[in-house]
Structure formats: structure tokens, C-alpha cells
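Number of protein chains: 2
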Amino acid sequence: DIHASFKPLDETLVAGYVESQPGLVTILGGTSADWNVKEVGDGNLNFVYILTGPKGSFVLKQALPYVRCVGESWPMTLERAYFETTVLREHGRLASHLVPVVYHFDHPMALTVMEYLAPPHIILRKGLIAGTVYPLLAQHMAEFMASTLFHTSLLALSTMKHRKEVAHFCGNIEMCRLTEQVIFTEPYMDAANNRWSSPHLDTDVQALREDSAIKLEIAGLKSKFCERTQALLHGDLHSGSIMVTQNSTKIIDPEFGFYGPMGFDLGAFLGNLILAYISQDGHATSQDDREGYKLWLLKTIGDTWQLFSEKFLVHWDQNWGSGDAYKKEVYNTKDLQLLVQKSFMSELFQDTLGYAAAKMIRRIVGIAHVEDMESISDVEKKVTCERRALTFAKHLLKERSKYSDIRQVCNALQGSR
Amino acid sequence: DIHASFKPLDETLVAGYVESQPGLVTILGGTSADWNVKEVGDGNLNFVYILTGPKGSFVLKQALPYVRCVGESWPMTLERAYFETTVLREHGRLASHLVPVVYHFDHPMALTVMEYLAPPHIILRKGLIAGTVYPLLAQHMAEFMASTLFHTSLLALSTMKHRKEVAHFCGNIEMCRLTEQVIFTEPYMDAANNRWSSPHLDTDVQALREDSAIKLEIAGLKSKFCERTQALLHGDLHSGSIMVTQNSTKIIDPEFGFYGPMGFDLGAFLGNLILAYISQDGHATSQDDREGYKLWLLKTIGDTWQLFSEKFLVHWDQNWGSGDAYKKEVYNTKDLQLLVQKSFMSELFQDTLGYAAAKMIRRIVGIAHVEDMESISDVEKKVTCERRALTFAKHLLKERSKYSDIRQVCNALQGSR
Ligand SMILES: Nc1ncnc2c1ncn2[C@@H]1O[C@H](COP(=O)(O)OP(=O)(O)O)[C@@H](O)[C@H]1O
Ligand SMILES: Nc1ncnc2c1ncn2[C@@H]1O[C@H](COP(=O)(O)OP(=O)(O)O)[C@@H](O)[C@H]1O
Ligand SMILES: [Mg+2]
Ligand SMILES: [Mg+2]
Ligand SMILES: [Mg+2]
Ligand SMILES: [Mg+2]
Ligand SMILES: [Mg+2]
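As you go down the protein sequences, you meet chains A and B in turn.
So the first sequence is numbered by my numbering: it starts at 2 and just counts up by one.
So the second sequence is numbered by my numbering: it starts at 2 and just counts up by one.
Take the hints with a grain of salt, since some may be wrong.
Note that identical chains are pooled: a pair holds if it fits in a single copy or bridges any two copies.
Derived lysine-lysine pairs resembling DSS-like cross-links, with alpha carbons at most 27 Å apart [claimed, not checked]:
| hint | residue 1 | residue 2 |
| --- | --- | --- |
| 1 | 300 | 251 |
| 2 | 335 | 225 |
| 3 | 165 | 225 |
| 4 | 251 | 39 |
Just so you know, these hints were derived from the structure itself, not from any lab.
No experiment lies behind these values; they were computed from the predicted model shown.
Starting from the given sequences, assemble the full structure and let the hints guide the process.
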């Protein structure tokens, strides 16, 4: 058992652990008496400590063998820390300026030490709720997704390397199962974990559970999630897994990483931006009607897909035939290359819209909600936003084949009620 | 290295090996002096020996570290013997009456000992060329594919078990790469391995290599082959991997087994039946016009899909919710179950037609041809059959979305020229 020597840390024990690691002591400088330790984990799963010393700082993240926000009654594999670190390092290789640097990984302790993303870095979701514009967000996220998804797919890899990586990440099955359960299953049934604004949305929830067309679409998305090993995904790419400043974007927390359909990452990010957009009416005040901010969010949604697809195609154009999927000798004319690229991107667009919708639905009726909605203090306003999100997501899920362009989606979102 | 002690056998060395295995000696009875050894391998890859003794008999199959029909210049992993035996045992568990019993596996020696399928068992392809009717073929093949594909998919398995198996079979990557190369790549480019009836089909081959619509379809099928881990496939299910009598059907040689799209197995079998059908005109004589036989082949093509889909749905109906794909609590009404089943079967039908077409094309213009065509002695007749097969396959590949029923496909085949 790789975790035989596992010990859960806490604020008082962390310094002792760091003292035992000379490389880490060097980063902080001084001795443990000089260090400040603060637990800041606001996520659902793990413990995150910020350590600062006379010379430097870092973040220490430890997984415990259960789900933090639920407790020991919901066990969860320690191996997620291993996969998180493995993905973080791979992302570092592919998009170094968009992820924290990993300094240290302790497998038995399920513990990762990484670059501290100091203030003014904040979690994107909090920035979106505050109404802060991030001018580089779309560009950075497009860059991140284009690079990490392209370079771990068969567009860049040999089938030899790809199948080896697929096999490796099959090991992160418990995290995949959590996603299957809370995103693709429970929202569509009567499950103890579900919660929603009740009684306001009771009939909406009932209608969702009786909607055969929705369940058919969800079946297709779930089976692609479980069976299509298209690229190495972040796996949990919502606005709570991104830290931002005006000129920096950093993607953290890829503990759900595995080989799955690219649209799942794209949909996670876009679905959460759509939730942010719809929640704005709930945050509007007489001083700040948020109308300008809503336009920026719409533009960011559109730009993200647009820039993603441009950048992805640039990678593809620069790497024709480097992966095993499309051999240069077969796809040997510019017209043919354009044809297969167009077909690829349009399937990916459909997947993206589908997963975006699935991600939205589960945030309204499933176990884990989003602060964008939860922080709306006026209940009527909150319920109005939630119902609008649910309605739009259902529409997107069922009618997405009618959309071929992100601008059409943005227009539909803007006009939705 | 698991194969450190590997030694290639030959007709003179086989008995010595068997002598070292008491369990095998017991099956044959007597001593090596009483045994008859005969090499019968007619396949492309491996060596197959029939051993008979006073008490019993068996077949001993050994992989060599290269492709038999090419020689040492084309190396090929010995691990294929391990995967073949693993799949054979799994098939034995799921459809015991349709596969030979495995008696013995020697991993270092890449060697499997299995039940001898004695005459009148012959390779199906030879029976089809001879014009022999096999009344139970469709039923048996439908049974085999329905059972093996259903029970290794997420319709029957938990995602836990499924991902474990997927990871395991990622190890058979070299065999998958061979398929990628000879089925999905080389037929669509100028490759040294390709051969075809030249100069007769030169312009047809040229046209194929310039057909963008075909290459687009092939790209989709190849990516599903590489990325969709839908079920444990046989992986090489043509009429040369099936041995038959009037009342027995046995599926052998699953050395290409891996987790892939179900339609690949279905398409392999149906595509080879279509080749057999089209080749009949080349085998017709004034004594035997083969018209009745052609009708039986058409019926067998239709019945195979029809019976497969019935049997597959029976497995599904009897096992609702046993796999993780469609939870009973979500897919909770008969109407909804019918809706998702219909959608599943119609996607599978499309995949099946696509892979059938791909399998046909590669047999006309790629490295490995079929005896159904090769044994037509009149060159003009042979070329006519080959061109018709190529034309029909291209039609199927491009227009398959217009077919929703196997009878329509059979009618189109019957009317094709
Ligand atoms: N490298 C970092 N720098 C600064 N803060 C971080 C860093 N990593 C995590 N955090 C903080 O800790 C919180 C939880 O981290 P996260 O990796 O998302 O854990 P979880 O897996 O439990 O969701 C984040 O929301 C963020 O506030
Ligand atoms: N169990 C068996 N019983 C009788 N004959 C067999 C058996 N297995 C293989 N053969 C014969 O050996 C030939 C080659 O076997 P096969 O497993 O297809 O090898 P390869 O992998 O080289 O294609 C078959 O076509 C068949 O004639
Ligand atoms: Mg998190
Ligand atoms: Mg979120
Ligand atoms: Mg996390
Ligand atoms: Mg064979
Ligand atoms: Mg074989």
C-alpha cells in the first residue's frame, strides 16, 4: 500500500512536515518558528495550507481519505493527489505560464507543494460575482484548453503513447465515478444528495426528471464521458478551479484528470460562465445594474470558443501528421484538411454545448451548487435566476444541433428568460 | 522480460514441449512416439499444430516475434498470445458453446493449447467459397456477438470493472496499431504494402485515394476505433476466424482483442459476408449458378443483424441497471427504456455499416486480400466482383445514414452492380 505511512496534517502539524523536507525549508527560509501557516481550503474535497517564511512561500495541498465537505462517511481515494500532480506537471509542460509550478510531491502523504498564487490572485468565481472584468480571461483559457487538449490527443500523439497514457489514467477511476454520479446520474433521479430551491423549483425538478428527451441526451454525454478517450482532461474546469488577476490566469486543481472527451472541459468552463451571466441580475443594484458586465461575460463566452478553435487549429496546422489520427499521406490536400478540421470542430462544438448544459443543470438541482447563485440574498431573484439557468440549459441540451456558431448561442442566452 | 525463455517450436520440437507438460500428455495419452503432429496454420500470423494421440487431441498455437506471412522483417509482439488467450477465456465464460476450450497457456512461450475443432469443422470462408449453406450461422454469430459485446460493455459492467479492463487491454496496442495501419490508413494512400488487380483497378484505386468524402468517413471510424472503449472486441472477426459445421459454429483467433466500438466486430463479420456474396458470381458455373446460395447469403446478412439486435436487447432487458451506463432510477419507464435502446441500436447500426465498408475496401486494395476473390480464376470475372465490392463499399460508407434497416442494405446489395 503506497499510502501505508499516510498521516493527515493540520495547521499545527504542517510545519513539522516541512521541516523534514530540506528542499521546502530552503524555499521558505529561516526555521519553523519563522513560518506562518494558514489553512485556506474552500473547495469541497481537500485541505490547502499557505506557508510563508522569510525567504518565500508556497501552498501545500493534502488529500484526506474522504470528501472534506461531507466527512468520513464519504470515503475518497488518496490517489487523487497523485493524478492531480501528474496532470499539473503535464499542464506545466504544455502551458507553463497558466498553472502553478509544482515544487514537491509526496505520494504516501497524498500531498503536493506548489507555487503560491499570491493576492491579488483570487478565485475567478469570486471575481465574477464581484463583477470584475478580466480582459485576458478568454485568451488565456482558450490558450490553456487548446494546448492541453490538442497535445494530449491523437492529433499530436502516436496511438502507442496515447494508449499508454489512457491506461495510466484509468487509475483515476474513483474520481470519474464521482463525476458520473453527481453530474450524469443523480440530477435526473430522486437522490438523497440532491438539493434545490424548494418549494420554488419543485415542479421544475419534477419536470426535469420526467423529461425523456433530456435523459436521452444525458445518456449520450455520459457514455462519451465514460468511453471516449479523446484527450487528457482537467476534469473539473469550473470557475472555482481558476485563479485570476488582471493579467494572470492560473488553472489549479486537476484532481479529476483523465482521458475523456474534450468537450467536457470546454463545457465545464463555458457552462460556468453562463451560470455567472445568468446570476448577474441577482447581483444588480441601483448603483450597478451589471448590464455592462453582462455584455463582457457574453463576449468572454463567445471569445473563449472562438479563440479556442482558432488556437486549436493553429496547433493542428503546425503539427499535421505528428499524431496518428490524420496521416499526412492520407489527408494530403489543403481542401481535405479543411474538411476534416471543420467536421472535427463541429462535433466538438456539439459536445461542448451538451456538457455545458449538463454542468449547469447539476449546479441547480444536484449536490453541489455555485456561489454565483447561492450568494443572491433575495430568494425570489435567486429562484428566477436558477429557473432561467435550468430552462436555458434544457434548451441547449435538446436543441444544440441547431446551433453551429457560438454567437448564436450567446444571442439565445441574451434573449433567454 | 516475460518472454526471456521463449523458444520457437516447429513440427519436430512440439512433441518435446508437450512431454514436459504432464497435463497435456494426459490428454493425448501414450508417449511422444504415439503422437501425430501436423502444422496447419493458414493464417497470416502464427503457427498452429494439431496433435493427436491414442486418447485425445488438441491444437497448439504459438506466436512468433514476427508476422508469419511476411517474415522477420515485420516484428510483432509475442504478447498477442496472452491477449488472445485472455479473450478466448472470457468468450468461453460468456458463450462457451461457441469457442474452443483453452487447456493450457504458457506465457513465456506465447503458446496456447486448446480444443481441436475436428473435421467436418472447416474455416467458414472456405465453406462460403464452396457454396455450403450453414443454417445456424446467423443465429450463432448473433448469439456470440450479442453476449460478448453486451456483457463487456457498460450496459452490464460497473465503470470500475470496465476501466480496469480497458487499462488491461491497452496493453494489446501493437495489434491495434496493425489494424490502424492496414485498415484505416494504407488503403487510402500510396503504400508499399497495398496491392490490387492491376491495371484493371488502377483508376478505381486512384479515385479512392482522391475521394474526400470517403476519407472524412474513414477518419471518423478510425477515431472511434482508437478512442471509444465500448466493449471487449474480438478484433478480427472475419470469416477466416470462424470454424463451422452444419450444426456447430466456433469463433477462434481473438488475438486483436481490445476495448473498442462494437460496430467493429459486427462490421467485420457482415463486411466479409458481403464480400462472400459479391464473389459468388465469380464462382458460378453452368452446373451451379449460385443464385440460391446468394439468396441464403443475403438472408444470413439480414438475419445476423436482426437476431443480433433482438438478442442484444434481450440481454439489456434482462439486465436493466446492472451496468453503470443506464441507471434504473433514471431510465425508469418502459417508454424511456425503448427510446434509449432505439437510439443506441441506431448508432450501432451506423457504426456497423461503416466498419463493414472499411473492411471490404481494405480487402480489395490493401495488403491482405480474401480467398473469396483471390480464388476466382477468370481474371475478368474476378475484377468485376472486386470493382462491385469496392463500389458498394464506397456507397455504404458515404450513404449509410440513409439506411435504417438491414433489409434496405440487403436490397441495395442485391441491386448493386
Ligand atoms: N496554488 C495556490 N495558490 C493560492 N491559493 C490556492 C492555491 N491552490 C489552492 N488555493 C486556494 O485553496 C482553495 C482550494 O484549492 P483547490 O485546489 O481547489 O482544492 P479542492 O480540491 O479541495 O477544491 C482554492 O479555492 C484557493 O482559494
Ligand atoms: N482450435 C482449432 N481447431 C482446429 N483447427 C484450428 C484451430 N485453431 C486454428 N485452427 C486452424 O489453424 C488456422 C490458423 O489459425 P488461426 O488461429 O486463425 O491463426 P492466425 O492467428 O495465424 O490467423 C485456422 O485457419 C484453422 O484452419
Ligand atoms: Mg477546487
Ligand atoms: Mg462550478
Ligand atoms: Mg478539487
Ligand atoms: Mg486467423
Ligand atoms: Mg490471427
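Indices of hints not satisfied (ascending):
none
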